[in-house]
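Each protein sequence line maps, in turn, to chains V and Z.
Everything in the first sequence is counted per this note's numbering, starting at 1 for the first residue and increasing by one.
Everything in the second sequence is counted per this note's numbering, starting at 1 for the first residue and increasing by one.
A hint or two may mislead.
Listed next, the in silico DSBU-like pairs over lysine-lysine satisfying Cα-Cα at most 35 Å (straight line) [said to hold, decoys possible]:
{"id": "1", "chain 1": "Z", "residue 1": "K512", "chain 2": "Z", "residue 2": "K450"}
{"id": "2", "chain 1": "Z", "residue 1": "K638", "chain 2": "V", "residue 2": "K20"}
{"id": "3", "chain 1": "Z", "residue 1": "K60", "chain 2": "Z", "residue 2": "K220"}
{"id": "4", "chain 1": "Z", "residue 1": "K627", "chain 2": "V", "residue 2": "K107"}
{"id": "5", "chain 1": "Z", "residue 1": "K5", "chain 2": "Z", "residue 2": "K220"}
{"id": "6", "chain 1": "V", "residue 1": "K5", "chain 2": "Z", "residue 2": "K627"}
{"id": "7", "chain 1": "V", "residue 1": "K104", "chain 2": "Z", "residue 2": "K626"}
{"id": "8", "chain 1": "V", "residue 1": "K42", "chain 2": "V", "residue 2": "K75"}
{"id": "9", "chain 1": "Z", "residue 1": "K450", "chain 2": "Z", "residue 2": "K520"}
{"id": "10", "chain 1": "V", "residue 1": "K86", "chain 2": "Z", "residue 2": "K626"}
{"id": "11", "chain 1": "V", "residue 1": "K86", "chain 2": "Z", "residue 2": "K638"}
No wet-lab data here; the hints were simulated from the structure.
In case you want the letters, here they are:
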Amino acid sequence: MSDFKIHHREGEGVNVLELKGYLDAHTAPDLENAFQQLLNEKRYRIVVNFKDLSYISSAGLGVFMAYIEDVRKNKGDIKLTNMTPKVYNVFDLLGFPILYEIYKDEKEAIGKFKDGKKQ
Amino acid sequence: MSRLKRIISLLVPVIVFPSVFFYDVIRANVDLELTSVSVIREFAVVVAFFAIYYYIEGRKPRLSKAIPREIGKLFVISFSVLTVAGMVTLVPNPQGALAEFLSIPLVIILGIASILTLLTARDLVLHKRKKGTKRNFVILMALLLTTCVVNTSLLAIDRLLTTGLFVVAIVFVVINSFRQSWIVYLSRREKLYCIVYTALLFFTNVFLSVLVTNTSAVNKLISSFSSPLHTFIQLNAILAAVYFGMAFISTLFHLPTAEVFERKQSELTSLHNLSRLITQVFDFNDLLNTVTQMTLEVCGAGTSWLELVQPSGDDRHISVNVVARRNITTEQIERLIGGTTPSLRQVMVQTKKVSLIDDILSDRRTKHMKQNAQLKGSMLSVPLISHEELIGILHATKEMEYGFDQDDIDVLTTFADHVTIAIENSKLIAKSIERERLHQELMVAQRMQKRLLPQSVPNFPSVDIAAVSESSMEVGGDYYDFVQLTEGRFGIVVGDVSGKGVSAAFYMAEVKGIFLSLSKLCSSPRELLVRANETLMNSLERNAFVSLIYVMVDTKHASMVLARAGHCPVVYISSEGYELVRPTGLGLGLTNGSLFEESTEERKIRLKLGDICIFYTDGITESRDKKGDEYGYDRLVKTAVAAKNLDACRIKDAILNDVRTFTGDTVYGDDMTLVILKWLGN
Chain V
1 MSDFKIHHRE GEGVNVLELK GYLDAHTAPD LENAFQQLLN EKRYRIVVNF KDLSYISSAG
61 LGVFMAYIED VRKNKGDIKL TNMTPKVYNV FDLLGFPILY EIYKDEKEAI GKFKDGKKQ
Chain Z
1 MSRLKRIISL LVPVIVFPSV FFYDVIRANV DLELTSVSVI REFAVVVAFF AIYYYIEGRK
61 PRLSKAIPRE IGKLFVISFS VLTVAGMVTL VPNPQGALAE FLSIPLVIIL GIASILTLLT
121 ARDLVLHKRK KGTKRNFVIL MALLLTTCVV NTSLLAIDRL LTTGLFVVAI VFVVINSFRQ
181 SWIVYLSRRE KLYCIVYTAL LFFTNVFLSV LVTNTSAVNK LISSFSSPLH TFIQLNAILA
241 AVYFGMAFIS TLFHLPTAEV FERKQSELTS LHNLSRLITQ VFDFNDLLNT VTQMTLEVCG
301 AGTSWLELVQ PSGDDRHISV NVVARRNITT EQIERLIGGT TPSLRQVMVQ TKKVSLIDDI
361 LSDRRTKHMK QNAQLKGSML SVPLISHEEL IGILHATKEM EYGFDQDDID VLTTFADHVT
421 IAIENSKLIA KSIERERLHQ ELMVAQRMQK RLLPQSVPNF PSVDIAAVSE SSMEVGGDYY
481 DFVQLTEGRF GIVVGDVSGK GVSAAFYMAE VKGIFLSLSK LCSSPRELLV RANETLMNSL
541 ERNAFVSLIY VMVDTKHASM VLARAGHCPV VYISSEGYEL VRPTGLGLGL TNGSLFEEST
601 EERKIRLKLG DICIFYTDGI TESRDKKGDE YGYDRLVKTA VAAKNLDACR IKDAILNDVR
661 TFTGDTVYGD DMTLVILKWL GN
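Generate coordinates for the entire structure from the input sequences, incorporating the hints supplied.
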């Protein structure tokens, strides 16, 4: 049940974290480490792809909150994409769509980063 | 031996010997020869001696540990008897009444001494017996007995046969005298004693055997008194001379190995003691002290100390502390193994291998000790390794250079393994005690937290309320409360702190404090949420947040206003149907300032008779069954609608039962809170 995997990809200056499985209090530290590593390497353009994430708990949500401020301070962002309706509902209940950019598709999110660059 | 037997075995000689004495005196003075009476006399004497033998055997304790002392005692007895016998030889040709007078006590003391010698020899021969040992000894005894009996003057037996039997008996004496296994188990000191005693016993018995063989007065007196007894005493003296002579030589040969044997034995004992200790010493410090004490015993070291690796998060820097020491000061230890760079200790930590220093003052690693020669000799250090991790180092030093041989290294290494197990074991016990303590603390926390939740449902007019909250762990992050406001109004709050367990419980307590103080100040739910967010933003960790719903019920106007801070929607059931009431609103602690305020909406609902509002935390809707499916809103709504005509408490039970039926045996993973409000009308 506590099976959780993170796959990190990079392309066009954007870092994509693909999440898979269950993100809860037990697995949240894995995601924290992944974010921390990106921040250590000064990579602040982050897209999190939720395509294969089947569950997220409040501890999982907390991870995004813990890093968003630092990322944005460095002119980057964490954009969330490809959520299943169930996962989206959890984010939505808490009002995350007000605070985070949530996209249907990963490409869209990467595109937004590139648009930002042009400006 | 029973009392009766003892008395009989004493009574027999007491009756026999005086009778024999009188008979002898009479016979000496009156010329009277009665063969049949002589046979009876001879027989009675032998029986009396059997009785004495039986009596002594029953009284004499078996040889156990203090063998040298027993042999020493035997020597004293034998020597005294020899002295008495020697004095008798000084009496020139005793005859008549004097001879009778002398012979009986002489025979008795010599006989008793012989019996004692025989019994001691028996115990020594049979010590750590092997197959055949007992058989050989029984044959010897049988031969002794037969030789004695056939030597009686009453039977005219061929001299060749008696001599032959005598020779065979001597052969078996020699065979039995090779059984000297008791010597091996003596300590060096005991062996030294034994050398002296066995030598003395050898000479005593040689003299004795000479005395009872040659033409001395003693020989004459005894053989004329009873020739079987004479043979017995004679054979016994030879047996003792041969056996103790042999024992003397064996002990002499065993002496050089005595120390080694002794040490091996003490090593074994120490190892054995320690393995017993493992299960007995619960106190960690006691264990450490015992370990150093046993190190001294195990390898005969002069000093010993134990160092343990202190747990720390940093793998690169391992700190090792002396936790117990014997006969050495901390300063000496530091000078000895911490004085160089890299220090001996650091090297041990890195290599995790046994380190042997044969000569402290000349070894490259410890040469610096020369400056202050408080410590010299040799040092052996053995790592304690558990699961391939170094947990400590055990050190021992001897004052002698080259003091540790391969045996010491092997023994101390084995010992170190036992120590490792003992220490790990003790740590585990300590851990489990600590765990138990923490559990108790958590239980206290649980009781405290239960008191933070309403102890009973308030009795507000026009409403029927039921509530329940269950934690998945000892303590949880769910919160609900009721507050009485002015002008017929009251408030209900249901909240959920992110995460679980102790951290959530602390925030929950904080939320309660904030809620109670703000509820009296704020006129609207929205205002309360905004101000609560401001307060919580300062105190919550970045990754923590609180979802909360707050509703103010106005009983006078039959209405309620609610605001939602990221919390689960309220299930509102009326006669017209149901609705998931979900005004916009961010969770508390997510963002500060205007964004929160701007995005928080309020919703007003007019209450009609029989309307039901269900407030809950996601523990209800996110409960899972075996397959991993969530309970969800649909099931919640369906169950609530089906139970809508019941009172609040029954609706609560219906929902809880349905959730439990759904989850089955699976342990629910989150805290669950459920508050039901039913409008009864004004």
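Hints and how they fare:
At roughly 12 Å between alpha-carbon atoms, K512 (chain Z) and K450 (chain Z) fall within 35 Å of each other, so this suggested pair holds. Restraint check for K638 (chain Z) and K20 (chain V): satisfied, since their Cα atoms lie roughly 32 Å apart, inside the 35 Å limit. About 31 Å separates the Cα atoms of K60 (chain Z) and K220 (chain Z), which keeps this hinted pair within 35 Å; it holds. Of the pairs offered as hints, the one joining K627 (chain Z) and K107 (chain V) holds, with about 33 Å between alpha carbons and a cut-off of 35 Å not exceeded.
For the proposed pair K5 (chain Z) and K220 (chain Z), the alpha carbon gap of about 34 Å is at most 35 Å, so the pair holds. Distance restraint check for K5 (chain V) and K627 (chain Z): the Cα-Cα separation of roughly 21 Å lies within the 35 Å cut-off, and the hinted pair is therefore satisfied. A distance of roughly 31 Å separates the Cα atoms of K104 (chain V) and K626 (chain Z); the hinted pair therefore holds under the 35 Å criterion. For the suggested pair K42 (chain V) and K75 (chain V), the alpha carbons sit about 11 Å apart, so the restraint of at most 35 Å is met.
Between K450 (chain Z) and K520 (chain Z) the CA atoms are separated by roughly 23 Å; this keeps the pair inside 35 Å, and the hint holds. Taken as a hint, the K86 (chain V) and K626 (chain Z) pair is honoured in the structure, with Cα atoms around 18 Å apart against an allowance of 35 Å. Straight-line distance between C-alpha atoms of K86 (chain V) and K638 (chain Z) comes to about 19 Å, which keeps the hinted pair within the 35 Å bound.
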